[in-house]
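Peer 1: Here is what each chain is made of, one letter per residue.
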Amino acid sequence: MAQFFLKRLLALPLLIFGTSTLIFFIIRLLPGDPVLLFLSPSFPPALADQLRHAFGLDKPLIVQYLLWIKEVFTGSLGYSFTFQRDVVSVIGDALPSTIALACCTLVVEVAAGIALALASVRFHHSTADRVLSVAGLVTYTMPTFWIAFIFVQLFSVRFTVFPSSHMHSVSADELSTAGYVFDYAWHMILPVATLAVPGAAGMARFLRSSIITASQQKYVTVARSMGVDENRILYSYILPNALSSMVTLGGLSLGSLLTGALLTETIFALPGMGRLIVTAIFSRDYPLVVGCVIAASCLYISVNFCTDIIHYLIDPRIKRTHE
Amino acid sequence: MSDPHLTIPMRGQQKRVRWTLVVFLCGASMYALLTVLRFEILGASVISCTGSVALAIDHPSQAASLIMSDLFEYWIAAAAWCMMPVIAVHAFLRRFRSASDEPRASAHSESDMSARTHFGMNSRRAARCILIAFIGTAVCAPVLAPLPPLAQGDLDHTRFLSPASRGFCRTDVPEFTDAVGLSRLEVAVHDANRFLMHRSVIFSASGSLADSPGQTDTSAGLSGITRSHREPSTVVFLFGTDAVGRDIFSRVVYGARYSIGIGFVVVFFSVCFGVVIGMAAGFRGGALDSIVMRTVDVLMSIPSLFLVLTLMAVLGQSVAAMIIVLATTEWMSIARIVRGEVIHLREREFISASRLLGTSWIGTVRLHVLPNVRPVIISAAVLQLGNIFLAEASLSFLGLGIQAPNPSWGNMIADSMAHMNAPLSAGIFPGIALSVLIVAVHIIGGSDE
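Chains as they are written, first to last, in our numbering: chain C, 2 to 324; chain P, 494 to 942.
Hints in this document: simulated from the structure, not taken from any laboratory.
Among the hints, erroneous ones may be present.
Computed list of chain P residues with no C-beta within reach of chain C, every gap over 10 angstroms [claimed, not checked]:
(1) Leu514
(2) Leu527
(3) Pro553
(4) Asp563
(5) His583
(6) His650
(7) Gly754
(8) Phe766
(9) Arg787
(10) Leu838
(11) Leu850
(12) Gly856
Far from chain C, some chain P residues (derived; all Cβ distances over 12 angstroms) [said to hold, decoys possible]:
(13) Arg509
(14) Met523
(15) Ala557
(16) Ala573
(17) Leu586
(18) Val680
(19) Arg687
(20) Met690
(21) Ser693
(22) Leu731
(23) Gly779
(24) Leu802
(25) Ser872
Derived CB-CB ranges, DEER-like [unchecked claim]:
(26) P/Gln896 to C/Ile190: 27 to 35 angstroms
(27) P/Cys575 to C/Ala101: 52 to 60 angstroms
(28) P/Arg867 to C/Ala101: 44 to 52 angstroms
(29) P/Arg659 to C/Phe26: 56 to 64 angstroms
(30) P/Ser655 to C/Phe183: 47 to 55 angstroms
Note that the Cβ used here is the ideal one computed from N, Cα and C, for glycine as well.
Just chain C, same shape as in the assembly (with noise of 0.2 angstroms):
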């Protein structure tokens, strides 16, 4: 236990490290003069200079990398041109909106696609099984940005029940606070449906054959002859071995879950990570696109440090293979 858990909680800094550095270099290393891009051209070139050396871009490369990495290690990610503020403050800003978007969304995600996947198990083998599939694939490979579409104009457009845009009506302040949470509930029901639709799919999609692939397995053959009740083999022998391997699944469906972010955010205006690191790209603001892309690798990382670990803890099979 405490090896494995070990050795987990040293790749941790190691990957974050690897991924810092990485994107420092191409950031640095990539054509394109981050002074002048800050400058417009009718400035005198003796003004880039000092601006340059204020940033300390006129020092060698490796000196510059590791002034960068003292200043991370001291908590700071550099200074955002656009927000004129720090950039760790930025993103703290913007993080909890992007960290509540994902937990609804995973929470919808992981309740319907169990739900589907023991749908389709139930009636495998007949036609609902095969619509199930069908629409499955179909709703798992639709891009992001199109079921928004679909989503705001059936619900926003032709029906406006839903609101398409922001976090909270205008008038949220004079809320009391169960209406606030309400009026929050209500703006994020269709980000979440847009982002869990295709996920949902998938997880239905994986859990299904992980459900038919142990239902094959000897012990239920010996569970069904020593006629063990169905729902009773479906449920507490087939399930808990084909939901130990969702757990990694959720884990990885994160990084699929930041990316759906990004354009989700984009599309319904949420002030979150996703749109932020567009609105910092757009206004070339380099310090706070490589702080958001270092956040999200290091959200990606320790959410995929914490599912090996609950992995680890909730499937004794792999206790065994590393013991």
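Dock chain P against the given chain C, drawing on the hints supplied.
Peer 2: Structure of chain P alone, referenced to chain C:
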């Protein structure tokens, strides 16, 4: 004949012959219909292609004025259009012959496969047909699109038309007044080239075409010419029109070029890169392997679109930049798969035998390892194709990929979302095209196994 395996494929093959016939006849009638509908541009392209080349060979001094890069897309489209029946008949005959022959050994594995998955051989074939149709659309886009993708109708009448609404269209072609002393062939070729390069299409939903703004394909360096005003004809906006009165059907057809083109080029590069790196890492092992795999780990721990966006921000927004960025962010999965396969293969006897016979490791890889990992590579590459179609559309949707007036499915959907009064048709058709293409690719790649 008591063996059940011998009879089941036979029945399946009779059905297969029937289906092949149906698909072939449908394709042939579509082809004939489109040839008639697009005869004007098709004829001009064929004359331009053959005539220009013939004249250029005859008079090498005039080659520069005859062979122009703006014409190449029409030439390729015309050549592809003329080759299509030959290829289709060839494929049909081959399939027909193989279907009526003895049942092949692969029939077993095919029926096995359809038993395991929901998407059996028939859906796979249908998906392959769809992918080929999309590739054909991309290549023949100038012939298939009824209107130029950038041509705008008048804003009063042609804005946001609903699907299948009618309009009027007139094609104007400039005429040179000094066309004397040329042979009939030369006149025909110059006419065809002029038609393809300088035609301007004017269309509107109302009857008056005189004052509507026209859009020339390319109108550089043309002065002192008179335009021939042809009779207006009716045009059907099959998918309706967008916010500035452009025909959505034509734009969807042209949009296939960006998706298909970028998709295949990126997959080619990422497969080359991934296979070379994966092979080297898996076969050599040791320090090289750990360095490569740690790099892959680091690259894969960044959510893909974030990495793509960062690189796009630095490299700027162009098709070339997009291809480079997508190829550099997609090779890792291929490298990982290839490495895994190679590590398993490395321990097998025939590899050791080949090494013992004194074959160099590159020779061993080429002769014995590559053929064994090819199916895995192809399957992974096809699935990656789907990811790249999606990535291209997402980038264009965000405004970082294909830029505004050029038609890409992604930016067409973004365009329709920017206008709240846009009808559903403005965004739904590019989305359907994208979705159908990606689903087809996933069925071919067998993502459900």
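Peer 1: Now look at each hint and say whether the structure bears it out.
Peer 2: Evaluated hints:
P/Leu514, annotated as away from the interface, keeps every beta carbon of chain C farther than 10 angstroms; the closest lies near 26 angstroms. With a minimum CB-CB distance of about 28 angstroms to chain C, P/Leu527 clears the 10 angstroms threshold, and the non-interface call stands. Every beta carbon of chain C lies more than 10 angstroms from that of P/Pro553, the smallest distance being close to 41 angstroms; the non-interface claim holds. With 10 angstroms as the threshold on Cβ separation, the claim that P/Asp563 sits away from chain C holds: the shortest Cβ distance comes to roughly 30 angstroms.
Interface exclusion of P/His583 from chain C stands, the closest Cβ pair being 32 angstroms apart, more than 10 angstroms. The non-interface label for P/His650 is consistent with chain C: the shortest C-beta to C-beta separation is roughly 23 angstroms, beyond 10 angstroms. With a closest Cβ-Cβ approach of about 18 angstroms to chain C, P/Gly754 is found to remain outside the 10 angstroms limit, as its non-interface label requires. No beta-carbon of chain C comes within 10 angstroms of the beta-carbon of P/Phe766; the shortest separation is about 17 angstroms.
Look at P/Arg787: its CB is around 7 angstroms from the nearest CB on chain C, not clear of 10 angstroms, so calling it non-interface is violated. Residue placement check: P/Leu838 keeps its beta carbon more than 10 angstroms from all beta carbons of chain C (closest about 24 angstroms). For P/Leu850, the non-interface assignment is confirmed: its Cβ lies about 38 angstroms from the closest Cβ of chain C, beyond the 10 angstroms cut-off. With a cut of 10 angstroms on Cβ distances, P/Gly856 stays outside the contact zone with chain C, its closest approach being about 35 angstroms.
Distance check on P/Arg509: its Cβ is at least 21 angstroms (rounded) from any Cβ of chain C, clearing the 12 angstroms threshold; non-interface status holds. In this structure P/Met523 is separated from chain C by more than 12 angstroms, as the shortest Cβ-Cβ distance comes to about 24 angstroms. Against the 12 angstroms criterion, P/Ala557 stays outside the reach of chain C, whose nearest CB is about 34 angstroms from its own CB. No Cβ of chain C comes within 12 angstroms of the Cβ of P/Ala573; the nearest lies about 28 angstroms off, and the non-interface call holds.
Residue placement check: P/Leu586 keeps its beta carbon more than 12 angstroms from all beta carbons of chain C (closest about 32 angstroms). Here P/Val680 stays apart from chain C, with its beta-carbon at least about 49 angstroms from theirs, past the 12 angstroms limit. No beta-carbon of chain C is positioned within 12 angstroms of the beta-carbon of P/Arg687; the least distance is around 41 angstroms. The non-interface label for P/Met690 is consistent with chain C: the shortest C-beta to C-beta separation is roughly 35 angstroms, beyond 12 angstroms.
The non-interface label for P/Ser693 is consistent with chain C: the shortest C-beta to C-beta separation is roughly 33 angstroms, beyond 12 angstroms. With a least beta-carbon separation of about 20 angstroms from chain C, P/Leu731 lies farther than 12 angstroms from that chain, consistent with its non-interface assignment. Against chain C, the non-interface label of P/Gly779 holds: every CB pair exceeds 12 angstroms, the least being about 20 angstroms. With a cut of 12 angstroms on Cβ distances, P/Leu802 falls inside the contact zone with chain C, its closest approach being about 6 angstroms.
Consistency note on P/Ser872: stated as away from chain C, and its beta-carbon is indeed over 12 angstroms from all of that chain's, at 16 angstroms minimum. Range check, P/Gln896 to C/Ile190: Cβ separation about 33 angstroms, and the 27 to 35 angstroms hint holds. For the pair P/Cys575 and C/Ala101, the beta carbons lie near 58 angstroms from each other, so the given range of 52 to 60 angstroms is met. Look at P/Arg867 against C/Ala101: about 46 angstroms separates their beta carbons, and that is inside 44 to 52 angstroms.
Separation of P/Arg659 from C/Phe26 is about 58 angstroms and conforms to the stated range, judged on CB atoms against 56 to 64 angstroms. A hinted range of 47 to 55 angstroms is violated for the C-beta pair P/Ser655 and C/Phe183, which are about 38 angstroms apart.
Figure legend: structure checked against the earlier numbered hints; hints not met, in rising order: 9, 24, 30.
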